[in-house]
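A.B. asks: Taking the numbering used here, I'd label the letters of the sequence shown as residues -17 to 267.
These aren't lab readings, by the way, just hints derived from the structure by calculation.
Here a beta-carbon is modelled for each residue, glycine too, at the ideal position from N, C-alpha and C.
Treat the hints with caution; some may be incorrect.
[Said to hold, decoys possible] Per label pair, the in silico range of CB-to-CB distance:
| # | residue 1 | residue 2 | range |
| --- | --- | --- | --- |
| 1 | THR165 | SER82 | 56 to 66 Å |
| 2 | ARG69 | PHE216 | 48 to 58 Å |
| 3 | ARG184 | VAL245 | 55 to 65 Å |
| 4 | TYR(-8) | ASP45 | 50 to 60 Å |
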Amino acid sequence: MPHRRPEPRYTLLIVPDPGQGEVRQVSVGVAELRRWSVAGAIVLGALLSVAVVGVSAFPRRDDQRQLVEENMALRGRLHDIEGKLQRVEEALGRVQLYDSQLRELLGESPVRPGGSGPYDGHDAAILEEAAQGSLGDTAPPDGLMGEDEDGMVLGDEEGLSMDNHALDVIVPEEDSPALLWATELDDRAGRLLARLSAAEPRLDAMTSRVEDMVLLQASIPHIWPSEGVLTSDFGYRRNPFNRRRWSFHNGLDIAAAKGTPVVASAAGTVVTAGWDKGVWPPRRD
-17 MPHRRPEPRY TLLIVPDPGQ GEVRQVSVGV AELRRWSVAG AIVLGALLSV
33 AVVGVSAFPR RDDQRQLVEE NMALRGRLHD IEGKLQRVEE ALGRVQLYDS
83 QLRELLGESP VRPGGSGPYD GHDAAILEEA AQGSLGDTAP PDGLMGEDED
133 GMVLGDEEGL SMDNHALDVI VPEEDSPALL WATELDDRAG RLLARLSAAE
183 PRLDAMTSRV EDMVLLQASI PHIWPSEGVL TSDFGYRRNP FNRRRWSFHN
233 GLDIAAAKGT PVVASAAGTV VTAGWDKGVW PPRRD
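Generate coordinates for the entire structure from the input sequences, incorporating the hints supplied.
C.D. replies: Set out below in structure tokens:
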């Protein structure tokens, strides 16, 4: 049987300063050094892997948070747009009331939704713009309010949910295309609301003028109050009591048989029909 050579060993002496303790020695074999080297390499490799994964995850985490912040800012802007569109809808409702009132005054039948009313060119352009939904002719960017690569719904990350008061606080460092689109839409909604608000007083004034014109037209006599013979016209005439003098006659004298109907020749109601005493010749009112 061949003689087995003893395993080489290495001895490490630990010598303290004089008077500080005993000299210690540590003896380690080659096999033990190999085992410790392999274990150290494994541990070092694991630490390096963890470090690489951690370092690569930090930028993605920042990108994810940036997306969440952009989404929160976008939701805040859309919340403002929703409020403006609600006020636009209320203004359009008032405009439709003006339209109905004007058509009633003019004797026109009401129009179906989408029809045009008695507005001037400027006001009609405003209503046509609102009816055609011009606020949305710019399509929103892809991925708006969507999910990221991992399927996470942006804005719903744990710890980042916010109420409406926090929507105005988060402002991304650089506006995304979606936020720029929302900003443009918000501005256009504001301009449309301002134009509708400016048109309402004009529509109110126009409605009042039309109402006055209709009342004035209705107050002008346009039919004979009774059937008969005109005996005295409106205007200056010879005084029936003194034929030598002229006087102003502010009515019409119509001779008719007794019982002839008397009607209002303009807007109004006949309140009396009888004989006027002291007037020659007798006349009916």
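A.B. asks: Quick check: does the Cβ-Cβ distance between THR165 and SER82 fall within 56 to 66 Å?
C.D. replies: Given a distance of about 36 Å, which is not inside 56 to 66 Å, the answer is violated.
A.B. asks: So does ARG184 sit 55 to 65 Å from VAL245, Cβ to Cβ?
C.D. replies: Violated, since ARG184 and VAL245 (Cβ atoms, about 39 Å apart) do not stay within the stated range.
A.B. asks: Mind checking the hinted window 50 to 60 Å against the Cβ distance between TYR(-8) and ASP45?
C.D. replies: 51 Å, holds
A.B. asks: ARG69 and PHE216, beta-carbon distance inside 48 to 58 Å?
C.D. replies: 55 Å, holds
The earlier numbered hints that this structure contradicts are 1 and 3.
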